[in-house]
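Just so you know, the sequences run in chain order S and R. For the first sequence, our numbering assigns the number 1 to the initial residue and increments by one for each residue that follows. For the second sequence, our numbering assigns the number 1 to the initial residue and increments by one for each residue that follows.
If you're looking for bench data, these hints aren't it; they were derived computationally from the structure. All residues carry an ideal CB built from backbone N, CA and C; glycine is no exception. Any given hint could turn out to be false.
To be verified - Calculated lysine-lysine pairs in the BS3-like style (CA-CA distance at most 27 Å, straight line):
hint : chain 1 : residue 1 : chain 2 : residue 2
1    : S       : Lys71     : S       : Lys105
2    : S       : Lys56     : S       : Lys71
3    : R       : Lys11     : S       : Lys5
4    : R       : Lys11     : S       : Lys68
5    : S       : Lys5      : S       : Lys68
6    : S       : Lys105    : S       : Lys56
7    : R       : Lys96     : R       : Lys57
8    : R       : Lys96     : S       : Lys54
9    : S       : Lys37     : S       : Lys71
10   : R       : Lys57     : S       : Lys5
11   : S       : Lys56     : S       : Lys68
12   : R       : Lys11     : R       : Lys57
13   : R       : Lys57     : S       : Lys56
14   : S       : Lys54     : S       : Lys68
15   : S       : Lys105    : R       : Lys57
16   : S       : Lys105    : S       : Lys37
17   : S       : Lys5      : S       : Lys56
18   : R       : Lys96     : S       : Lys37
19   : S       : Lys5      : S       : Lys71
20   : S       : Lys37     : R       : Lys11
21   : R       : Lys96     : S       : Lys105
22   : S       : Lys54     : S       : Lys5
23   : S       : Lys105    : S       : Lys68
24   : S       : Lys37     : S       : Lys56
25   : S       : Lys37     : S       : Lys54
26   : S       : Lys54     : S       : Lys71
27   : S       : Lys5      : S       : Lys105
To be verified - In silico negatives: residues of chain R with every beta carbon more than 12 Å from chain S:
hint : residue
28   : Asp1
29   : Ile12
30   : Glu14
31   : Arg17
32   : Ala22
33   : His29
34   : Gln37
35   : Leu39
36   : Leu43
37   : Gly63
38   : Ser69
39   : Glu72
40   : Ser83
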Amino acid sequence: DQQVKQNSPSLSVQEGRISILNCDYTNSMFDYFLWYKKYPAEGPTFLISISSIKDKNEDGRFTVFLNKSAKHLSLHIVPSQPGDSAVYFCAARARGQNSGGSNYKLTFGKGTLLTVNP
Amino acid sequence: DAEITQSPRHKITETGRQVTLACHQTWNHNNMFWYRQDLGHGLRLIHYSYGVQDTNKGEVSDGYSVSRSNTEDLPLTLESAASSQTSVYFCASSEKVTGAEQFFGPGTRLTVL
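Just chain R, with the same shape it has in the complex (with noise of 0.2 Å):
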């Protein structure tokens, strides 16, 4: 069957340290996204790809970086982790057709030290 995974499913990190949550969907969908959850906000997009090679700014963006080399993978990068970047983080993928509803990876806890 067709999914979506995320991997570490828990990671702590130090301050400063570069961190890379990977998201890998098997659905071969064009568009995958990246999002935080944190307490009092909900779900906020950080990043997301409509294809190989498109990269594009969420409303979350600084401090978070993703590259899409293939359609499967958007690896998401903290290049200087800070401690606001604690989160539980979400990848998702979506068919590149109108109305198609977004599929959830299980989500990495990320707790910054």
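So that you can see chain S by itself, here it is in the shape it has in the complex (with noise of 0.2 Å):
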């Protein structure tokens, strides 16, 4: 079962417009998301977070928006670039589920190929 969805594996957007990324989850236990970037040939480099006590953050061109009541996310850049063009991966952590216990994993998207046309 998938708990982490990006349901567009791919976007395309003119250079100067607003680019916007979804991603939903079903696991309550999340309570930590994260935005990563990712180019051919090259690993994953983290882009944004957000947690859960927070709806909004933002970083530049880049802001994530929280929608915890529908467990919905999404990264905004405004104004896309066409440097901005990779792979987008959503990911969340859940909140550690034993006592005194601590939760470092992440639970991937697939990702959404985005790409900003000149």
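Starting from two chains that each stand alone, build the complex the way the hints lay out.
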């Protein structure tokens, strides 16, 4: 059962416009969410994160929104640039379930390929 | 600068052979992870470790093993390589701090013929 879903395999936008990448999750134990960016032949790199106690986090052109009631988060890129063309992975971490235990594992979605056209 | 490296970057092997992929990080992170990336599946966790002598199975651990004898290294071993293990493998590490992001290596592309 897929706990983190990125239902759009690909997205194409024009340079200068907004890119919106979506992610849904099913596990109510998730309390921390991250977005990673991946270029071909490279490892994923961390982009931005958000804790479940917040509903928005902004870093330059990148903003992540979290809607806990809908179990949905989105990444907004404004304005989009050709260099943003990459695969974007949504990831989530569940709070530790055992007394005193901590969980550092991430569950990843399948990724969305963003193409920004000049 | 601290970093995380993987070797080899590319490997071709035959079915049934034992293969070991190396992962080395100089961040001094306690947490280390191995993932595989396949088309249509995203990143799936194979094994992980929260410290020396600690190893745990992830969601796709069958056919793989790891050992953690020091902080810097988490080698991934395929005991008897199968064609289904053809994939791109990523190693990652993170601090043992709530909310810490994982840092990924450049990946190893493994082909099993």
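Hint-by-hint comparison with the structure:
| no. | hint | in the structure |
| --- | --- | --- |
| 1 | S:Lys71 <-> S:Lys105 | holds (19 Å) |
| 2 | S:Lys56 <-> S:Lys71 | holds (14 Å) |
| 3 | R:Lys11 <-> S:Lys5 | violated (31 Å) |
| 4 | R:Lys11 <-> S:Lys68 | violated (43 Å) |
| 5 | S:Lys5 <-> S:Lys68 | holds (15 Å) |
| 6 | S:Lys105 <-> S:Lys56 | holds (23 Å) |
| 7 | R:Lys96 <-> R:Lys57 | holds (18 Å) |
| 8 | R:Lys96 <-> S:Lys54 | holds (22 Å) |
| 9 | S:Lys37 <-> S:Lys71 | holds (21 Å) |
| 10 | R:Lys57 <-> S:Lys5 | holds (22 Å) |
| 11 | S:Lys56 <-> S:Lys68 | holds (11 Å) |
| 12 | R:Lys11 <-> R:Lys57 | holds (24 Å) |
| 13 | R:Lys57 <-> S:Lys56 | violated (33 Å) |
| 14 | S:Lys54 <-> S:Lys68 | holds (9 Å) |
| 15 | S:Lys105 <-> R:Lys57 | holds (11 Å) |
| 16 | S:Lys105 <-> S:Lys37 | holds (18 Å) |
| 17 | S:Lys5 <-> S:Lys56 | holds (20 Å) |
| 18 | R:Lys96 <-> S:Lys37 | holds (22 Å) |
| 19 | S:Lys5 <-> S:Lys71 | holds (11 Å) |
| 20 | S:Lys37 <-> R:Lys11 | holds (25 Å) |
| 21 | R:Lys96 <-> S:Lys105 | holds (11 Å) |
| 22 | S:Lys54 <-> S:Lys5 | holds (21 Å) |
| 23 | S:Lys105 <-> S:Lys68 | holds (20 Å) |
| 24 | S:Lys37 <-> S:Lys56 | holds (19 Å) |
| 25 | S:Lys37 <-> S:Lys54 | holds (22 Å) |
| 26 | S:Lys54 <-> S:Lys71 | holds (13 Å) |
| 27 | S:Lys5 <-> S:Lys105 | holds (17 Å) |
| 28 | Asp1 | holds (15 Å) |
| 29 | Ile12 | holds (17 Å) |
| 30 | Glu14 | holds (24 Å) |
| 31 | Arg17 | holds (25 Å) |
| 32 | Ala22 | holds (15 Å) |
| 33 | His29 | violated (10 Å) |
| 34 | Gln37 | violated (9 Å) |
| 35 | Leu39 | violated (9 Å) |
| 36 | Leu43 | violated (4 Å) |
| 37 | Gly63 | holds (20 Å) |
| 38 | Ser69 | holds (20 Å) |
| 39 | Glu72 | holds (17 Å) |
| 40 | Ser83 | holds (22 Å) |
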